[in-house]
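Student: Same order as they appear, the protein sequences are chains L and B. In terms of the numbering used here, the first sequence opens at residue 8 and continues consecutively. In terms of the numbering used here, the second sequence opens at residue 8 and continues consecutively.
In short, the hints are calculated from the structure, not lab data. All values reported here derive from a predicted model rather than from experimental measurement. Take these hints with a grain of salt, some might be off.
To be verified - Partial list, computed: chain B residues near chain L (C-beta under 7 Å):
no. : residue
1   : L19
2   : E83
3   : L162
4   : S178
5   : Q180
6   : D184
7   : I187
8   : S207
Each residue gets a CB set at the ideal place from its N, CA and C atoms; glycine is no exception.
If you want the building blocks of each chain, they are given just below.
There are 2 protein chains.
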Amino acid sequence: MLDQTKEINVCLSPALIHLHDIRNSIVVVIDIFRATTSMCYGLANGAEGIIPVAEVSTCAIYKDHGYLLAAERNGEVVDGFDFGNSPFSYVSEKVNGRTIVLTTTNGTKAIHLSREAKNVVIGSFLNLTALCNWLRRQDDPVLLVCAGWKDNFNLEDTVFAGAVINKLKDSHQKGDDAAIAAENLYLAAANDLADFLAQSAHSKRLQHLGIQKDIDFCLQVDLLNTIPVLKGDRLVVLES
Amino acid sequence: MLDQTKEINVCLSPALIHLHDIRNSIVVVIDIFRATTSMCYGLANGAEGIIPVAEVSTCAIYKDHGYLLAAERNGEVVDGFDFGNSPFSYVSEKVNGRTIVLTTTNGTKAIHLSREAKNVVIGSFLNLTALCNWLRRQDDPVLLVCAGWKDNFNLEDTVFAGAVINKLKDSHQKGDDAAIAAENLYLAAANDLADFLAQSAHSKRLQHLGIQKDIDFCLQVDLLNTIPVLKGDRLVVLES
């Protein structure tokens with residue numbers, strides 16, 4: 008049944024977030040390559056929490072206090088840190104029982120800009136269906152925040168936003184043109200997600216860094232049911 | 008022949024324009040409903056020039072100096088002005104031989120933000136092919152600036168950007184993810200442009216104002232060959 012009171016909107020870049028009603032929305036932060044994928048995977052693999060921080064220097068403050076430190080800039084691990092945002096660093100042998108402090112080029116910034124929301128949850132293809140099932144049961148409008156690349160629009164985050172919109176089409180109405188566009192892009196991409204997204208600027212950037220396997224990993228749909236949610240300063244597993 | 012040195016990029020909102028290399032680009036300003044459509048139509052109908060100004064108060068300064076004053080805000084003619092941005096106000100009986108001073112909610116703002124470009128030209132479905140034929144002959148990269156709606160992404164400007172990209176696919180390479188997205192949206196819309204754009208927020212806004220005929224007018228493809236170009240403070244007909 009179509010509940011016309013539940014809107015879903017899309018913020019295509021962190022630089023446009025001031026145009027949206029954050030405080031009254033559930034925000035889904037999306038950074039497919041690779042931050043939000045790795046957050047879902049790390050929590051599913053037993054990490055106790057992930058503390059997103061905006062700056063590398065803030066991340067460094069947590070050194071020698073038992074945290075795993077992760078810092079990525081421009082697609083690469085920052086010198087002196089345990090790891091960056093490759094999902095292959097977030098396997099259970101490395102993260103089980105640990106708390107990770109993480110800073111990334113785009114994803115952690117988008118989380119910080121969203122923190123006034125009613126709820127901040129984390130989306131990736133890995134938890135797509137679980138996330139949509141949960142969103143469908145909530146009463147508040149949904150804002151899908153694409154982390155983009157240095158404030159630029161990107162294809163993979165928008166296509167994922169479109170996948171969520173398409174899955175929620177019976178419960179949520181598209182509130183803005185960005186939602187209409189995102190769903191159309193998803194429909195254009197759905198037949199062969201990997202092929203469609205291979206055109207994207209960030210895919211090319213990652214290919215250049217020799218991490219095609221990270222891209223393939225990030226495009227796996229419904230690998231897990233974990234939904235990270237922001238509680239205070241950290242992401243933890245949402246108990247639904 | 009594909010000249011890999013000529014890039015085409017898309018700025019999806021005036022709020023993202025700082026991310027782009029304006030100074031080294033030819034900028035095409037796009038505000039399909041209705042500012043840039045009316046600019047093309049007015050110059051084609053013999054207007055001597057169109058002076059885009061950012062503020063209603065600036066527009067008012069030109070009063071009693073022989074100019075036609077046009078001011079639109081939120082889709083309506085501002086009280087006390089000759090007309091707004093409906094294309095039906097830009098017919099030759101009204102504009103031939105006249106200079107128009109124009110301020111609109113989005114289009115004139117986008118022109119102002121673009122004025123450091125190598126060239127600022129004006130695009131609409133009315134002059135699509137003429138514009139693309141001219142762009143194809145230029146050496147500089149192209150930036151398509153979507154005026155949007157109060158800094159929000161909009162569907163009709165992006166679909167038009169996609170039409171330009173699609174027409175230039177043999178001469179220009181897509182430089183950013185926004186260009187890839189715009190072309191895909193155009194391809195989704197091309198079969199029935201009016202039907203696809205009827206979903207858009209601004210279409211609904213204009214329908215609400217009772218100006219469906221303006222929408223239909225703005226979606227006419229290749230009605231004219233006129234390309235408005237910014238020279239100093241005004242738009243005039245590009246002599247190509």
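Student: Per the CB criterion, is B/D184 less than 7 Å away from chain L?
Tutor: Hint on B/D184: holds, closest Cβ of chain L at ~4 Å, below 7 Å.
Student: Can B/L162 be said to touch chain L, with a Cβ gap under 7 Å?
Tutor: holds, 4 Å
Student: Does the closest beta carbon of chain L sit nearer than 7 Å to the beta carbon of B/E83?
Tutor: violated, 20 Å
Student: Double-check B/S178 for me: the hint is only fine if its C-beta lies closer than 7 Å to a C-beta in chain L.
Tutor: Interface hint status for B/S178: violated (18 Å vs cutoff 7 Å).
Student: When the nearest CB of chain L is found for B/Q180, is that gap smaller than 7 Å?
Tutor: Since the shortest Cβ distance to chain L is 11 Å, the answer is violated.
Student: Does B/I187 meet its interface restraint, that is, does its C-beta lie within less than 7 Å of any C-beta in chain L?
Tutor: holds, 5 Å
Student: Tell me if B/L19 is really an interface residue toward chain L, meaning its C-beta lies closer than 7 Å to one of theirs.
Tutor: holds, 6 Å
Student: Taking 7 Å as the limit, does the beta-carbon of B/S207 come near enough to a beta-carbon in chain L?
Tutor: It holds, given that the least Cβ distance between B/S207 and chain L is near 5 Å, below 7 Å.
In this structure, the hints that do not hold are numbers 2, 4 and 5, in rising order.
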